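Those protein sequence lines, which keep their order, are chains L and B. Residue numbers for the first sequence follow our numbering, beginning at 1 and rising by one. Residue numbers for the second sequence follow our numbering, beginning at 469 and rising by one.
Keep in mind the hints are simulated off the structure, nothing from the lab. All clues stand as given, with none of them false.
Calculated lysine to aspartate or glutamate pairs in the EDC-like style (CA-CA distance at most 16 Å, straight line):
#: 1; chain 1: L; residue 1: 152; chain 2: B; residue 2: 687
#: 2; chain 1: B; residue 1: 620; chain 2: L; residue 2: 146
#: 3; chain 1: B; residue 1: 899; chain 2: L; residue 2: 237
#: 4; chain 1: B; residue 1: 638; chain 2: B; residue 2: 515
#: 5; chain 1: L; residue 1: 152; chain 2: B; residue 2: 614
#: 6; chain 1: L; residue 1: 152; chain 2: B; residue 2: 618
#: 7; chain 1: L; residue 1: 350; chain 2: B; residue 2: 814
Under 7 Å between C-beta atoms, here's a sample of chain L residues computed to sit facing chain B:
#: 8; residue: 30
#: 9; residue: 39
#: 10; residue: 153
#: 11; residue: 402
Because the structure is a prediction, the values reported are computed rather than measured. Don't be surprised by glycine CBs; every beta carbon is placed ideally from N, CA and C.
Protein chains: 2
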Amino acid sequence: MAKSLEQIMQETNIVTHLRNSKIGMYIYPGVAPEFTNWRSEQMAWRDSVVLYDQSHHMDEVTVEGPDAQAFLAHVGINDFGNFDMGRAKHFVPVTPAGHVIGDHIIFRLDENKYVTVGRAPTSNWIMFQAAIGKWNVKVSHDPRSDSRPDGKAIYRTHYRFQIQGPDADKIFEEVNGGPVPEIKFFHVDTINIGSRKVQALRHGMAGAPGLEIWGPYADKSYIQSTIAEAAKKVGVEMHFVGSRAYSTNTVESGWIPSPLPGIYTGDGMMKDYREWLTEQSYEAAGSIGGSYVSDNIEDYYVNPFELGYGFYIGWKKDDFIGKDALTKMKGASSNRKKVTFEWNAEDVMKVIASNFAPGEKNYKWIDFPQPNYASSTADKVMQGDKMVGMSMFNGYSFNERCLLSLGVVDQSVEVGDVLEMVWGEPDGGSKKTSVEPHEQTTIRVRVSPTPYSTEARTNYADSWRTKT
Amino acid sequence: MAKSLEQIMQETNIVTHLRNSKIGMYIYPGVAPEFTNWRSEQMAWRDSVVLYDQSHHMDEVTVEGPDAQAFLAHVGINDFGNFDMGRAKHFVPVTPAGHVIGDHIIFRLDENKYVTVGRAPTSNWIMFQAAIGKWNVKVSHDPRSDSRPDGKAIYRTHYRFQIQGPDADKIFEEVNGGPVPEIKFFHVDTINIGSRKVQALRHGMAGAPGLEIWGPYADKSYIQSTIAEAAKKVGVEMHFVGSRAYSTNTVESGWIPSPLPGIYTGDGMMKDYREWLTEQSYEAAGSIGGSYVSDNIEDYYVNPFELGYGFYIGWKKDDFIGKDALTKMKGASSNRKKVTFEWNAEDVMKVIASNFAPGEKNYKWIDFPQPNYASSTADKVMQGDKMVGMSMFNGYSFNERCLLSLGVVDQSVEVGDVLEMVWGEPDGGSKKTSVEPHEQTTIRVRVSPTPYSTEARTNYADSWRTKT
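Based on the sequences and whatever the hints tell you, model everything.
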């Protein structure tokens, strides 16, 4: 029988376990690595238009039934007061202790039907909460595509595309056969794509506006080729974005996709949860990568205030999981703040150059455009001898011509401060399969606003990305 | 109706056409980009053992019938005198003018049955020759897997694995249930893998010995997992090699996979061939990348002497395509020689650093571990103002801690000479989708032996890789 996460934790230190996971890279599966090349694909989301194929890398959880809204309002921190039909939200659940578990995009599809989309930790938590509660809801789960399908067919419930960039509206008008309805940010409406009517969410990932559309997976090729044809017809150079460029769009726009779920501590319900999670779960099989090694798993957690999600909180709700803890956390001086780290180019060159010196020590390879080598990243950020922050998700931007990462820093740190990030893992590197033997070094990072992209800072809709 | 290559060539300069192909990167499809990480995968083929999944990236052509041997001996330059059953050869066809078309590995499966495996140009040429000749042969073709399957299942006739590295024999002994028969280099025998009897070719790609095995595609998962289990059992750390590391093994061992097929010139049969090739063919849709731009497509061709294949030639055969031309070419002082170019690390850093300078010019991105950005690569190699060579296939080796490329140089060039390779394309870059806007620069290269790898030079079997 499969072990539970709780059993694993009784046998071993969980930090050691996750830091030495053998799961390999966190993969964006099902999508070709590159369609044109990752530099041009990055340029296109800023300068022309891109199609992101999001059909594969996210879980989908459907919650239906008379208690659907009450249940989800209990599980997430969000204010549900204004959650009308045809809206979407950035759904954030926390533990009773107030630690972020993850986040999904949640769509209200019908009076009593919601679908949530994102990484596994939030899916697992929703399913667990439905299983232990007395809610009149039916929950179904469509997990992300296999990371290494090895030539086998992939089946999902829905295709999911995002079309985005300055020229996106020209394409929508063409596929829709006329002007597209004015859709407010994070609202859903229906548009035509060829012979199909599809749901469309007004969204935008790297700064520029766009639409996220979805429908039955069987329609995927038809929708994709119809959009591509329309782009050709209106003379727009639309780029399909491959899996290599895809994950880097967030370093420009400022969303941290991979906080470590804060579920490894706590008794009662939390212990039950860890007994419910098997050894194959994201929480038990996933990995922590980076220079930060702490015996205390809680040192890797973040709270919603630190990620800029504080203003989502539905304080008026009678109760939701974590409300008491968040009430105490609110405004605490120990809360860190989200920033972008701009990596010093000279130091980056030092790291790369070390991999061109036969017989000498090498620093951890910086893979381009996505240097992350674990499900969750935690690189120490130092001010002198003091750790003042944690770098949590990185990527190279050809648009900005630099490496960037997102993370959190102490309140004392200011934009413009130059800090030192420790790059690579101690003791020659962990046993993760994604790690080659290497030595640690430091890379200077300049603390910068989030989102980093000037475009994203000025053109992005009013949301967590720009709230501070 | 599809255009033919000949029609395309009547409408446009073929060099311009191929240099601006929109086909994108030449992809190693169907295999995950990384299983562990590409540095460790490279280390494993030298230090422990790797499994290469070769099931997807090559065409297979089966030639059967009473005339099979006579036909193939006519099409290829090789001596067929010693082509007994249970042997394989490195099969090389040339044009009547003596230019290399490509190369396959050819296996004699039965008295009158051969299978050849490799890139499309050789497949197409074999099929064409069978179609125009009076040979009593049946030819069937299983093309390589789709480059971007987009979640659809892939079907091939055969799986094909190569297991290689210093520890490979321990695994074979385990899967075979006893010592493996002594198989000579490029000979085939049968071994057991679990419940299956499989054909095994003694081969080795990056220097160390190994076996290439194949069988029905339906057996792929069974064979793969049986080998992986055996590796675990004997305590060998076997690495699966992902598509990113895969293509770089050849820069260590010295085989050039992608000479431009010399089929764009010549009348008579060559013109017929170009009329037979459609616009979708590798020859018409593929791409030339690199700094070398010549109006004359023949300047991209190579002959078998230049690639080190001269000693394959079956001079005693009454006739074969290209015999007269090769007779004249033999020993010509204009024949270039194959070498490895070791890229200067400082100059490589200059190129990379230019992609960290916002607002300034950038040189062509060097993608790791595989910087090639076309089906065929042609970078100019200069000695002062004189072009003395052409760099044809590149890759970074973590084993050697350097970028290497393979190519040809004039006879006057000596091992140890430091030359300048022009890196990037003129005029801001071609219109290939694999090319971002960039400026040209130079990278010093030191001329080095082929194969570069000391291991490959000393341990590889007696073949073209070590013949000079």
